[in-house]
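Use these hints to put chains L, G and Z onto chain E, whose structure you have.
Number of protein chains: 4
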Amino acid sequence: MNSDIKIAALAKLLEEKTITRRRDFHRHPETGWTEFRTASIVIETLIELGYDVKFGNDVIDEANMMGVPSTEILEENMARAIAQGANPDLVAKMTGGKTGVIGTMKFAKPGPTVALRFDMDCNDVFEATNENHRPAKEGFASINPGCMHACGHDGHTSAGLAIAEILSVLKGQLAGTIKFIFQPAEEGVRGAKAMLAKGAVDDVDFFLAAHLMMPKVGYLAYDVQGFLATSKFDATFIGVPAHAGAAPEVGKNSLLAAATAAINLQAIPRHSDGISRVNVGVLNAGTGRNVIPANAVIKVETRGATSKINEYIYECAEKIIKGSAAMYDNKVTISQMGGAASGSNSPKLTETIGNIAARIGIFNQYEALSNIGGSEDSSYFMEKVQKNGGQAAYMVIGASLTAVNHNLYFDFDEHALTLESQLIATIASDLLTK
Amino acid sequence: MNSDIKIAALAKLLEEKTITRRRDFHRHPETGWTEFRTASIVIETLIELGYDVKFGNDVIDEANMMGVPSTEILEENMARAIAQGANPDLVAKMTGGKTGVIGTMKFAKPGPTVALRFDMDCNDVFEATNENHRPAKEGFASINPGCMHACGHDGHTSAGLAIAEILSVLKGQLAGTIKFIFQPAEEGVRGAKAMLAKGAVDDVDFFLAAHLMMPKVGYLAYDVQGFLATSKFDATFIGVPAHAGAAPEVGKNSLLAAATAAINLQAIPRHSDGISRVNVGVLNAGTGRNVIPANAVIKVETRGATSKINEYIYECAEKIIKGSAAMYDNKVTISQMGGAASGSNSPKLTETIGNIAARIGIFNQYEALSNIGGSEDSSYFMEKVQKNGGQAAYMVIGASLTAVNHNLYFDFDEHALTLESQLIATIASDLLTK
Amino acid sequence: MNSDIKIAALAKLLEEKTITRRRDFHRHPETGWTEFRTASIVIETLIELGYDVKFGNDVIDEANMMGVPSTEILEENMARAIAQGANPDLVAKMTGGKTGVIGTMKFAKPGPTVALRFDMDCNDVFEATNENHRPAKEGFASINPGCMHACGHDGHTSAGLAIAEILSVLKGQLAGTIKFIFQPAEEGVRGAKAMLAKGAVDDVDFFLAAHLMMPKVGYLAYDVQGFLATSKFDATFIGVPAHAGAAPEVGKNSLLAAATAAINLQAIPRHSDGISRVNVGVLNAGTGRNVIPANAVIKVETRGATSKINEYIYECAEKIIKGSAAMYDNKVTISQMGGAASGSNSPKLTETIGNIAARIGIFNQYEALSNIGGSEDSSYFMEKVQKNGGQAAYMVIGASLTAVNHNLYFDFDEHALTLESQLIATIASDLLTK
Amino acid sequence: MNSDIKIAALAKLLEEKTITRRRDFHRHPETGWTEFRTASIVIETLIELGYDVKFGNDVIDEANMMGVPSTEILEENMARAIAQGANPDLVAKMTGGKTGVIGTMKFAKPGPTVALRFDMDCNDVFEATNENHRPAKEGFASINPGCMHACGHDGHTSAGLAIAEILSVLKGQLAGTIKFIFQPAEEGVRGAKAMLAKGAVDDVDFFLAAHLMMPKVGYLAYDVQGFLATSKFDATFIGVPAHAGAAPEVGKNSLLAAATAAINLQAIPRHSDGISRVNVGVLNAGTGRNVIPANAVIKVETRGATSKINEYIYECAEKIIKGSAAMYDNKVTISQMGGAASGSNSPKLTETIGNIAARIGIFNQYEALSNIGGSEDSSYFMEKVQKNGGQAAYMVIGASLTAVNHNLYFDFDEHALTLESQLIATIASDLLTK
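Protein chains in written order, with our numbering: chain E, 21 to 454; chain L, 21 to 454; chain G, 21 to 454; chain Z, 21 to 454.
In isolation and in its complexed conformation, chain E is listed as follows (with noise of 0.2 Å):
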């Protein structure tokens, strides 16, 4: 086993350019489909350690991206980037948001191929800026106002860098193919599909991906279960606006239909099958008094153990707004805001992590998620995988986090990152050595 050995020694080597890197990306966070001096970053580092890189349109699926901010809100995104020191020719080849990155190597003998999946978005938060915030103390807190890496992204993606770097020296000893996913937009759920549809995963026998959390640096949770399907969507509603009191049978109220789809979202039925959830969590609508209201949006969320069972909610809730716009002579318009599967590791790479953790020592505790309840969209990768008869897990790492995740106050312990780079390196290594 005298390449564990190895990667041990590469990860402790790269544990300063990770952090460095880490403190880079945490002073220049960007949201979901923005992050443009990220990827370019990611991409320049990627070429430079041997990496095939593709990018862009690529990558990208335009028709399923979700949530994508306005043609006004991108192009300030990428003047931003480009300002603060991201190449401009890589930067204009994500126009549009396509800010995702696979980067593939293939070994000379042949084998599966592994798949290593980071999400590089940041929150939209405000990040602290007094002394008690390390980064802040430190410098290297957020200089993009309302942008904050409140999630550890900026971790995972130089965890990943670091990992393609391990893996790259190891090459000559690999057999089958790495593949390094960088995924924007993981916050809403919004990305994974666009890569997705792309194929990022259609050719994958092993598909891995990591979070750093709350428990203390020396945590590991690799036996995670539960994730539950989503899905995210806006509708909105257009009636005839009118004079509520001289003439409101002019009119053709939105607000109803909105209020009506709402509640009536409500009934529908619980699943016998599993956890089933809905939620409105925003209705506007009207905008004066004395006008019969003619505009309504409403923010849904439905949640499933299983994607068959959100699948289900879904088609619902698509019957019960149509039929309320329609009670009204509304017109109504769903747009997909986000969405992921439901999911659950598979139990043989479960176990193979299982031994590859206990072998390593890195770890000091151990723990089994059988319920972990949110969602995350690297599920729509393991789904595919899955069920192309691939295996795939998803693994929480102990980062001591100092605040909870999306709070302005969030920093975590960045050893957490060379524990991550050396196990994830160490599995990918086995995986593609046998």
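Keep in mind that the hints are not guaranteed to be accurate.
To be verified - Going by beta-carbon spacing under 8 Å, a handful of chain G positions derived as facing chain L:
1) L248
2) G265
3) P268
4) L276
5) I283
6) P313
To be verified - Heads up, simulated SDA-like pairs for lysine to any residue below, C-alpha to C-alpha not over 25 Å straight-line:
7) L:K339 to E:A267
8) G:K328 to Z:V260
9) Z:K351 to G:N150
10) Z:K328 to E:N310
11) Z:K342 to E:N310
To be verified - Anything over 12 Å on all C-beta distances counts as not near chain G; from chain Z, calculated:
12) N77
13) N107
14) T115
15) V145
16) G238
17) A264
18) G271
19) M357
20) I392
Think of the hints as simulated: they come from the structure by calculation, not from any bench. Where a beta carbon is used, it is the ideal one built from N, C-alpha and C, also for glycine.
Just chains L, G and Z, lined up with the frame of chain E:
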């Protein structure tokens, strides 16, 4: 004007016969579309008086019959009518509830066509049986359980026959055509439309109808305005049942579809052109507590100051009902159960009647009803005649009622029938001599 | 273990008597709270066997009786029971529907208290009368129209009496106390609570109940988990009627209050601790199309994976119903119509039963029911016994049903009664000899 | 009638001054409750003319001020008013938005009290800035962004000051008392109630108000009937937020409470006494898609043909809103945002005005407005005066508008101001000389 005197004398002469006939009708009341015995007597009487009589299929359009009882009930009532003395051959020709009758007499000299309309049906009321109630005391209370003439149509029908007799006596001096329309199913405004659809008033120049009402004998309202247009319909929802605990997602909930319709029907806008009303009077849904309900019915009524407003409400209602059904993936059918047009008396005919009433001097109190408010399906006839350029009027005749309409103690002062006969015969005679 | 042999022989010996008794019960079925004849026979039999018998007021708490028929129906059924041979004195003591019976036998030696519970009521079903249905063919089909033992409680009751006889024979060798609970009104889960409230199981260490089910004779499920807690209730809304056209503002609309309640009951949140259900199975409101409806009733059922979840749902439901009534200025009353606790078998007792079943070897198929899903009000007794530190178990016994429960062709292989008697008597004997 | 000639001459003489003043007001528009500069000018002018002037706390009842802007906005606008030339001492006395002014002159001889009411506030409109718009072309367009006199209150205020000047000239020949009411916040019908509550018209015998409108200069409507009573209010719901996926049962949903209120508000019955209206113009609820929404606001407006109908609707609305909140265990507060009474001109005063208008002959088109339909809060003053036995009238004066009210191109023919001044001064003079 010695014809005034002649008519007065004839009306007086017929008083006893008319009262006898009214009491016979009162004792054998028949609800809407089951007036087999009543219609048989009307037919035979009109034939005897020399009228050209049409009935059954010739005067009732099946497709426009609303709220017809089941075949079983119709057959039961046909048998009862025969058992109570109706002519079986006539009854047979009214199969399906086609109990309308039209008697026409064309006079030698050319002239206008005058139509007089009388309604024949009783109410779904169990008549009082104690001594305080004159019909019970004097032995002419209903012998048909659950059926009672509690709105005076027994009086209308017998007054109609008296007028037919008076005018047949006068025929030598009259010009044009007189037409007696004996209509079934006025309660629930279900019957006029089916006679209208067969052309009952297509050729009519003057149309008259009347109703006995609460005020004392001697009261007359001939300037009547503001019948509300109305539509009455049932919506039946069919879903899919399911066990509410074990597999709720299999169900398609009709109760919720109907409840959503009922509530949202209230949101049909008030109309700036005048009065609008909508009522869901009945909602019945579901069979068992633990079953997703898969059947529901709502009984709805709309009203509008004008037929146009009522149509607007009806169209909105249709959208709301269909949308609600679609929301819950239910099938829905809407059945017409009744309807009436809006309407007001023609000013010129109002004036004519006023002059005649003053001339014959048998009434001592006159009132204009500028907002009668309710609905009556003679309005369909009035609307049609007025649209064709003719004149129409509805009169309210005081009858010293003993109780409000539809009450089990309803009765009236039968002298009102003589006044009604004399007034209407005189108006018709006037119109047919000019 | 020669007591095993003794019990097997006694069960065999009683087979014919048990079948005869079952057919007698089948022929004279009585619905919930009207089991006057059935209970009379149970009482007389238990007394004869030497049991100390309590019934009527002594075992039924009036305030906790749910879904009791009207006094008229109760009186009719008391008369019918007497006409069909019930002891009039016993029937009189069960006035008001207090048809529960508890028979106790205290053995000489000290020991635990073991309770066995059997249900006695039939279903509201018209039994099949043709030759394809064995009870009809062989002359023991129901003679009480609309009443049928279509859920096997006739079998439960007769098996209970057989077990009572077996244990009375063995009394010399037993220690502690045996308690037979014959419960009325299990259908609709209405009866257990009233016996619980009178302390039926307050002193019980071991509790057993069983149900005959679809699988072939020889099937036994003794590891039963996941009864859903449930509550069943009606909400009755009282408003103020008004003429819908003439004075709608006078009315207080009960139909809309009930419809609003029905829809918003669906919005009770899904619960993160487990399964939740809510169903409005029936809504009836209003009397006439043109009247503002002033009466409405909804029939509601809630279920929860735990009693706590069910209570949460019930409390939300109460708020929604009261709020809806307040919106329309209605009075509302909520009547409890049934209820059951959640529950699962005690693991230790499950193990005990498994060992005994294996030992006596009369079953050939074993199954664990880890999510039984439905509701049974024996769960109230189980919950209480388990809370008091005792053990409780529910068993499902294969009976080769000819049709699903509650079907008009329901029947079963009566040999299952012998297996049930032998099994339960052996378990009780074991528990009472340690 | 040489006072007619005198008034005509004075009105003509003041024309230029009035136009100049109107343009100054037009250039410095101030929205409801922020009329600090306008009121300062009114105060100073009235004092100069010899009126006894009250303002601030003396004429505005704080508890009855509706729809008042935030303290920040009020302070900003006070500063702006001073910067644009308002007297700082006067502005200080109007702190809190108390911008109403009453100027009174008691004449030597005893006589009736005549009140004239003028409104001063502008609209929330960005005025057109191009050459097609005369105020822009001629340099008197608004310099306060988002504020524009687009309803002619600049004209009303300057006409009011002209009339004040005319009557001050005539004071020697007048009897009784003249009272000028300069009201803030007519837009949104928010201001009259607060002046009414301070007794503005408690002693008034004759009340007059007027509005410039679309018809050509020369048009006068003085027989105005049918102001709708109205109430305008916001309902704010506060619930409890929760994660929609993880713990939905923790939440108390405000969006659903508000939606239920919005829909059921539509079910407030139509009223048989006349026009009723209810509109929910705005519903805003929730913050994030995946959060159970814990905040909601609805903006509601009711109208009724009479103040009584409006009160009925308001009371129903209150029940519905409170019931909806109770259903979802929300707290709710209802804030009054505006209101007006129903009303019609006093017939005798109408006649008086008609005679005077005919006498002075400056109008060439007269119209009766029998169903003005909208709402105006001068109706509160009218209702009060009429209840006290006085007479009140509202007049509509043609001003050849260039665009509909509230439009960014609104302007009018300033000659209308001269006609308005002459007419109202003449009426007041007549009433004060009898």
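Hint check results:
1. The restraint placing L248 of chain G at the interface with chain L holds, with a minimum CB-CB distance near 6 Å, inside the 8 Å limit.
2. The beta carbon of G265 of chain G comes within 5 Å of a beta carbon in chain L, closer than 8 Å, and the hint placing it at the interface holds.
3. Annotation: interface hint on P268 of chain G holds; nearest CB of chain L at approximately 6 Å, less than 8 Å.
4. This hint holds: L276 of chain G has a C-beta 6 Å from the nearest C-beta of chain L, less than the 8 Å allowed.
5. Hint status for I283 of chain G: holds, given a least beta-carbon distance of 5 Å to chain L, under 8 Å.
6. Nearest Cβ of chain L to the Cβ of P313 of chain G: about 6 Å, under the 8 Å cut. The hint holds.
7. At most 25 Å may separate the alpha-carbon atoms for a hinted pair to count; K339 of chain L and A267 of chain E meet this at roughly 20 Å.
8. Restraint check for K328 of chain G and V260 of chain Z: satisfied, since their Cα atoms lie roughly 20 Å apart, inside the 25 Å limit.
9. Taking the CA atoms of K351 of chain Z and N150 of chain G, the gap is about 62 Å. The hint is violated against a cut of 25 Å.
10. Only pairs whose Cα atoms come within 25 Å are accepted, and K328 of chain Z paired with N310 of chain E is accepted, the gap being roughly 20 Å.
11. This hinted pair checks out: K342 of chain Z and N310 of chain E have alpha carbons roughly 22 Å apart, not beyond 25 Å.
12. Distance to chain G confirms N77 of chain Z as a non-interface residue, since its nearest Cβ pair spans about 40 Å, more than 12 Å.
13. Residue-level check passed: N107 of chain Z sits 52 Å from the nearest beta carbon of chain G, beyond 12 Å.
14. With a least CB separation of 41 Å from chain G, T115 of chain Z remains clear of the 12 Å interface cut-off, as annotated.
15. Annotated as non-interface, V145 of chain Z keeps its C-beta farther than 12 Å from every C-beta of chain G; the closest such distance is 38 Å.
16. No beta-carbon of chain G comes within 12 Å of the beta-carbon of G238 of chain Z; the shortest separation is about 43 Å.
17. Its closest Cβ contact with chain G, about 9 Å, brings A264 of chain Z to no more than 12 Å, contrary to its assignment away from the interface.
18. The Cβ of G271 of chain Z sits about 6 Å from the closest Cβ of chain G, inside the 12 Å cut-off, so the non-interface label is violated.
19. Consistency note on M357 of chain Z: stated as away from chain G, and its beta-carbon is indeed over 12 Å from all of that chain's, at 22 Å minimum.
20. Non-interface status of I392 of chain Z relative to chain G is upheld: no Cβ of that chain comes within 12 Å, the nearest being about 24 Å off.
Going down the numbered hints, you'll see the structure goes against 9, 17, 18, while the others check out.
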